[in-house]
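Visitor: Sequence:
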Amino acid sequence: MVGVERMRRLGVTALGLRNGPHKVTVDRDLKVPAVDGVTLLADRYAPADVERAPVVLVRSPYGRRGPFGLMCGQAFASHGFQAVVQSVRGGFGSGGVFEALDEREDGLATIAWLKGQPWFGGTFAMHGPSYLGYVQWAVAAEAGPELKALSMQVTASTFRDAVNVGGTFALESALIWVDLTARMKNSLSGITTGIMSPRRARRAALSGRPLAELDRLATGEQQRFFQELLVNGPDTPFWDKRDFSPTVSRVDAPVNMTGGWYDIFLPWQLKDYAALRAAGHRPYLTIGPWFHADQRMMRGSVHESLKWFRAHLLDDPSGLREQPVRLLVTGVDEWREFPDWPVPGMREERWHLRPAGALSPDEPPESPPDRYRYDPEHPTPFLGGPTLLGETHPVTDQRRLERRRDVLVYTSPVLDDDLEIIGPVTADLHVRSNREHTDFVVRLCDVTPDGQSLNLCEGMRRLVPGAPEPDADGVRRVTVELWPAGHRFRRGHRVRVQVASGAYPRVARNPGTGAPIGTATEMLTADQEILHTPDHPSAIILPVVPA
4 MVGVERMRRL
14 GVTALGLRNG
24 PHKVTVDRDL
34 KVPAVDGVTL
44 LADRYAPADV
54 ERAPVVLVRS
64 PYGRRGPFGL
74 MCGQAFASHG
84 FQAVVQSVRG
94 GFGSGGVFEA
104 LDEREDGLAT
114 IAWLKGQPWF
124 GGTFAMHGPS
134 YLGYVQWAVA
144 AEAGPELKAL
154 SMQVTASTFR
164 DAVNVGGTFA
174 LESALIWVDL
184 TARMKNSLSG
194 ITTGIMSPRR
204 ARRAALSGRP
214 LAELDRLATG
224 EQQRFFQELL
234 VNGPDTPFWD
244 KRDFSPTVSR
254 VDAPVNMTGG
264 WYDIFLPWQL
274 KDYAALRAAG
284 HRPYLTIGPW
294 FHADQRMMRG
304 SVHESLKWFR
314 AHLLDDPSGL
324 REQPVRLLVT
334 GVDEWREFPD
344 WPVPGMREER
354 WHLRPAGALS
364 PDEPPESPPD
374 RYRYDPEHPT
384 PFLGGPTLLG
394 ETHPVTDQRR
404 LERRRDVLVY
414 TSPVLDDDLE
424 IIGPVTADLH
434 VRSNREHTDF
444 VVRLCDVTPD
454 GQSLNLCEGM
464 RRLVPGAPEP
474 DADGVRRVTV
484 ELWPAGHRFR
494 RGHRVRVQVA
504 SGAYPRVARN
514 PGTGAPIGTA
524 TEMLTADQEI
534 LHTPDHPSAI
544 ILPVVPA
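Quick note on this note's numbering: the sequence shown kicks off at 4 and runs consecutively.
Everything labelled a hint here was simulated from the structure, so no lab data went into it. Be aware that a few hints might be false.
Pairs of lysine to aspartate or glutamate, EDC-like flavour, derived with a Cα cap of 16 angstroms [to be verified]:
hint, residue 1, residue 2
1, K274, D164
2, K244, D164
3, K244, D105
4, K244, E108
Simulated DEER-style distance windows between Cβ atoms [claimed, not checked]:
hint, residue 1, residue 2, range
5, R302, G99, 30 to 38 angstroms
6, R206, Q230, 13 to 21 angstroms
7, R302, E337, 17 to 25 angstroms
8, Q225, P416, 49 to 57 angstroms
9, A281, G98, 34 to 42 angstroms
10, E472, E351, 23 to 31 angstroms
11, K244, G322, 36 to 44 angstroms
12, G125, R285, 19 to 27 angstroms
13, P416, R212, 39 to 47 angstroms
14, A115, G283, 24 to 32 angstroms
15, A17, E351, 41 to 49 angstroms
16, F228, E472, 29 to 37 angstroms
Glycine included, each C-beta is placed from N, C-alpha and C at the ideal position.
Construct the entire structure; sequences and hints are all you get.
Guide: Okay, here's the thing in C-alpha cells:
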C-alpha cells in the first residue's frame, strides 16, 4: 500500500500539481444507486488522518482513474478533503446508457447517497472542467444547504448556444466530442483520444459528405447524440431539460469560475457570471490565455479550487485574492484584478468599416459597398480561434486567410498610442445578399509591425428569412456577438477586422438553400455586400478601457 500511495503522489507531481501533507486511502468501485435502479460507480479518496473531512464531489464521463483520479482525487485528498470521483451513467463500469447532458436525476441521486454515508461530515463542494462543470449546474440549485462551494472551469449552465453559435452549427467541436466519448473505454484512453479525435473529426469534415454521415466517418458508427444535435436547433424542446441557465440565479453556494479567452464556452460562462451578480452573489472569475483543454488552465484550476474550498469548507479565507475578477491581458501578458465584469471604466467605441479596406472611429463617407462571393463548395476555412482541443492553434497568423477573395479585410492606421480593450466585442453590419439563408463571420485581429495578423476573437451569425428583416433596398442590419476579449494593441500595431461567410470546419457551411443541415447536398453561392455609408455605418464595437 505504501508503494501504491507513493506512485499516486508521484503521479500528482508529474501532472504539475503539489501534493499536500496527508496520506491518502482509496476505496474503489463504491456503488451509487440511481433512481431507476442503475448502479453508478465511484472511487473515494480520503486523508488517512482526518475523520469525516469535507467532501469534493466530481462526476465525470471521462473515467475516474488515471489522470482524472490523480487530479481530482489524490490531489484534493492529500490536502485534507475527501474526494468522491464518479463515472457518470454508461461509462467505465457505471450502468445504463450514456445520455449526454442529461445529468440532473443521477446527480441528485448521487448527492442523496453521499449525504447518507457514515463518512460524510455534513458539507461538500463540487469541482471540475467542461462536462464536469456542467454537471454542477445541473444540480446546484437543488443540492441543499450542505453544498458549500462550486468550482468550475471552461463550462456553462447550458451548451444550447455553444452548439448553435449565432445560429450556425459548431461542427468540429461536436464531431470531436462524440468521437472522444465514443472511444473512452479505459482510464488511459483519454491520452490517445485527445490526440486522435481532432484528427478524425477534421478528416471527416473535409470529406465533403453530408453532415449526417460525418459521425460514422469519424467514429465508425452512427452516434445518436450527434444525430440529435443535427435535428434539434437551439429553440427545440430537446434543449429544455438540458438547459440549467434558468436556475443559476437560485444557486446560493459560492461559485468560482475559470475561463479562457479561446474557450468555446466563454460567452455563456460570462452570462452565468452575470446571472449570479444580478441575483446579488459575488462569484470569482479568472480568465487566462487558454483554450478549452489547455493543461496550463487545468493545473492552475486545481490550485485555485483548493484555496476556494479551504475558504468555504474549512473557514480559511487566507488564500483568496482581494478582487474577485482576475484577467490576463493579452498583448502585454499582464494579469489584472478588478471588482467586476464588465470592468469599471469600460466604454464602447465604434470603429467603422470604411472604403478601401480602412478602419477608423471616424464616420464613414458615401461609398459603394464591398463585395465578395461565398461558395459553400469551397468554404472559407477556419485557421485559429476558440477550440475544444489543441489540434488547431488558438492564435494563428491570418494572412493566408486574408488573401482569399471571399474575405474582406479592414485595417486601421498604425496606432500612435496603446489601445486596450477588455469586455464584450460586437459587430454592427449592414449587409445585402442574394440569399435569404446565409452566414456572416467577423474576426478581430492585431496586426504586428512585421505584418502578422493575429486573431483575437470572432463571432458568427446565421441569417434566415425575416431574421433580420431587410429594408426597402434589401439591406439587413446584422449584430454579430464576438467572443469577449482582454487585449492591448501596442503602439505601432494596427487593428484589423475580417468579414467572411464561413469558418469551416469550426462551423458547418451554409448551403444557401434552407435545407436541413444534416442532409443538405445542394450548395448555392452567395453574393455578399457590406455597406459602409453614413446611412449604413457598419462597425465593430470595441470595449475600450483607460490606459
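Visitor: The structure should be examined with respect to each hint, and the outcome stated for every one.
Guide: Structure-based check of each hint:
This hinted pair checks out: K274 and D164 have alpha carbons roughly 11 angstroms apart, not beyond 16 angstroms. For the given pair, K244 sits about 14 angstroms from D164 by alpha-carbon distance, which is consistent with the 16 angstroms threshold. With a CA separation close to 7 angstroms, the supplied pair K244 and D105 stays within the 16 angstroms bound. Of the pairs offered as hints, the one joining K244 and E108 holds, with about 11 angstroms between alpha carbons and a cut-off of 16 angstroms not exceeded.
Judged by the Cβ atoms, the range 30 to 38 angstroms given for R302 and G99 holds: they are separated by roughly 32 angstroms. For the pair R206 and Q230, the beta carbons lie near 19 angstroms from each other, so the given range of 13 to 21 angstroms is met. Our hint of 17 to 25 angstroms for R302 and E337 holds, since their Cβ atoms are close to 20 angstroms apart. Distance hint check for Q225 and P416: the Cβ-Cβ separation is about 53 angstroms, which falls inside the suggested range of 49 to 57 angstroms.
The supplied range of 34 to 42 angstroms is met by A281 and G98, whose beta-carbon atoms lie about 40 angstroms from each other. The supplied range of 23 to 31 angstroms is met by E472 and E351, whose beta-carbon atoms lie about 25 angstroms from each other. For K244 paired with G322, a C-beta distance near 37 angstroms keeps the hint of 36 to 44 angstroms intact. One distance hint, 19 to 27 angstroms for the beta-carbon pair G125 and R285, holds here, with the actual separation near 24 angstroms.
A C-beta distance of roughly 45 angstroms is found between P416 and R212, which places it inside the suggested range of 39 to 47 angstroms. Under the hint 24 to 32 angstroms, the C-beta atoms of A115 and G283, about 28 angstroms apart, fit the expected range. Here the CB-CB span from A17 to E351 is close to 46 angstroms, well matched to the stated 41 to 49 angstroms. Separation of F228 from E472 is about 35 angstroms and conforms to the stated range, judged on CB atoms against 29 to 37 angstroms.
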